[in-house]
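Chemist: Going by numbering that gives the first Met the number 0, the sequence shown opens with residue 0, and the numbers climb by one from there.
Think of the hints as simulated: they come from the structure by calculation, not from any bench. Here a beta-carbon is modelled for each residue, glycine too, at the ideal position from N, C-alpha and C. Some hints here could point you the wrong way.
[Claimed, not checked] DEER-style ranges, computed between Cβ atoms:
(1) 90 with 186: 57 to 63 Å
(2) 230 with 282: 18 to 24 Å
(3) 60 with 318: 24 to 30 Å
(4) 277 with 140: 23 to 29 Å
(5) 182 with 79: 19 to 25 Å
(6) 74 with 267: 52 to 58 Å
(7) 267 with 183: 25 to 31 Å
(8) 89 with 328: 35 to 41 Å
(9) 183 with 305: 26 to 32 Å
(10) 305 with 138: 54 to 60 Å
(11) 325 with 172: 28 to 34 Å
(12) 277 with 60: 27 to 33 Å
(13) 277 with 40: 44 to 50 Å
(14) 234 with 74: 21 to 27 Å
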Amino acid sequence: MRAHGTSPSEAAETSSATFDVCHVGVVLRAVLGVQGALALGLMLVNADAQSWMSALATATMASLPAVLAWLLIVCALSRVLGRSDRNAQAALLVLLGAACAIGGRELLALASLEAPLPLWHLAGVAAVGAALAGVMLAWLRGRARAIAPADTQAQLAELQSRIRPHFLFNTLNSAMALVRVDPQKAEGVLEDLSELFRVALEDQGSAVSLASEIDLARRYLEIEQVRFGERLRIDWQLDAEAGAARVPPLLLQPLVENAVRHGVEPNDDGGTVEIRTTRRGSEVEILVANSVGAASRIAGHGLALDNLRRRIVLMHDVAARFDLQQGGGRFTVRIMVPL
């Protein structure tokens with residue numbers, strides 16, 4: 000992550016993300032928005048509720064496939080669109096909107112539900128499709144502008160939380176203590192520390208695999224295991240099929256770090272950290288839990304958890320869930336993401 004400015008590759012990635020529309024939340028909003036616009040427009044040309052409902056049902060049969068086709072094509076072309084200039088993006092998407100609207104109307108005619116339209120009326124259908132595509136493009140660009148600062152702020156907060164001076168100090172102390180008694184183990188600790196910092200300072204893009212996040216969390220816990228010894232008890236329950244899920248980078252390690260800081264460090268007897276991943280149909284459940292004993296000497300403000308929640312929602316929208324539970328001597332973070 001760069002401290003100053005935005006590189007062309009980062010700008011292209013941001014622009015491509017603008018057109019990453021294959022998310023349940025975006026699809027629902029697009030469909031409902033178009034239906035709402037049609038419903039309002041048809042109210043102006045129908046004299047009563049019955050004729051309005053009949054016209055809306057017919058229009059829906061044409062508009063729904065048109066909207067879905069537009070979204071699918073935009074999603075497939077997101078990288079190409081991201082590399083294009085704004086005028087080319089607008090021209091392509093508006094023309095695509097007109098074409099999809101005509102295609103939807105022709106599907107309706109093929110189903111013998113409506114007679115073929117004369118050329119002038121067909122031009123009107125194309126104009127409506129182009130206008131709605133223009134509105135959708137404006138909304139996508141506005142959404143991207145709103146998301147970018149929040150996403151950047153969340154990533155910076157996660158980066159800062161990763162490079163805590165006390166963690167670096169404790170790890171180096173542990174490594175120095177091991178140099179004489181177990182040089183090989185000291186080398187392993189330093190290798191794990193190096194990998195943690197490499198990932199923290201590397202721009203990994205907007206998503207990584209859950210498997211890579213698990214590997215990073217494992218390295219972190221191996222370092223802490225040297226420090227806490229038997230006080231830190233780790234319970235891994237990993238589903239191999241869940242590893243392919245895409246998650247924001249630097250997601251899992253802050254969770255296990257919080258679990259150690261607040262569930263193990265304050266207690267003389269230590270504590271247990273559980274990391275579990277489970278595939279549930281088309282979703283993956285990620286669970287990080289820790290035992291709760293004495294109050295942590297370091298007060299938590301919930302900022303890390305709030306940032307993680309924001310990043311999950313920014314990436315997966317309504318397809319993701321982020322829940323916190325405390326009770327029965329455990330604090331649990333449960334995340335659901337699509338596979």
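Chemist: Evaluate each hint against the coordinates.
Modeler: A quick look at each hint next to the structure:
Restraint check, residue 90 to residue 186: a C-beta distance of roughly 58 Å satisfies the suggested window 57 to 63 Å. Take residue 230 and residue 282: their Cβ atoms lie about 34 Å apart, and the range 18 to 24 Å is violated. Checked against the hint of 24 to 30 Å, the C-beta distance between residue 60 and residue 318 comes to roughly 27 Å, which is consistent with it. Judged by the Cβ atoms, the range 23 to 29 Å given for residue 277 and residue 140 is violated: they are separated by roughly 37 Å.
Between residue 182 and residue 79 the CB atoms are about 53 Å apart, so this pair departs from the stated range of 19 to 25 Å. Under the hint 52 to 58 Å, the C-beta atoms of residue 74 and residue 267, about 54 Å apart, fit the expected range. Between residue 267 and residue 183 the CB atoms are about 30 Å apart, so this pair conforms to the stated range of 25 to 31 Å. The beta-carbon spacing between residue 89 and residue 328, approximately 57 Å, falls outside the hinted interval of 35 to 41 Å.
The given range of 26 to 32 Å is broken by residue 183 and residue 305, whose C-beta atoms sit roughly 40 Å from each other. About 26 Å separates the C-beta atoms of residue 305 and residue 138, a value inconsistent with the hinted range of 54 to 60 Å. A hinted range of 28 to 34 Å for the beta carbons of residue 325 and residue 172 is consistent with their spacing of about 32 Å. With their beta carbons about 40 Å apart, residue 277 and residue 60 fall outside the hinted range of 27 to 33 Å.
Between residue 277 and residue 40 the Cβ separation comes to about 47 Å, which falls inside the hinted range of 44 to 50 Å. As the Cβ distance of residue 234 to residue 74 is approximately 39 Å, the hint placing it in 21 to 27 Å is violated.
Hint compliance for this structure: hints 2, 4, 5, 8, 9, 10, 12 and 14 are broken, all remaining hints hold.
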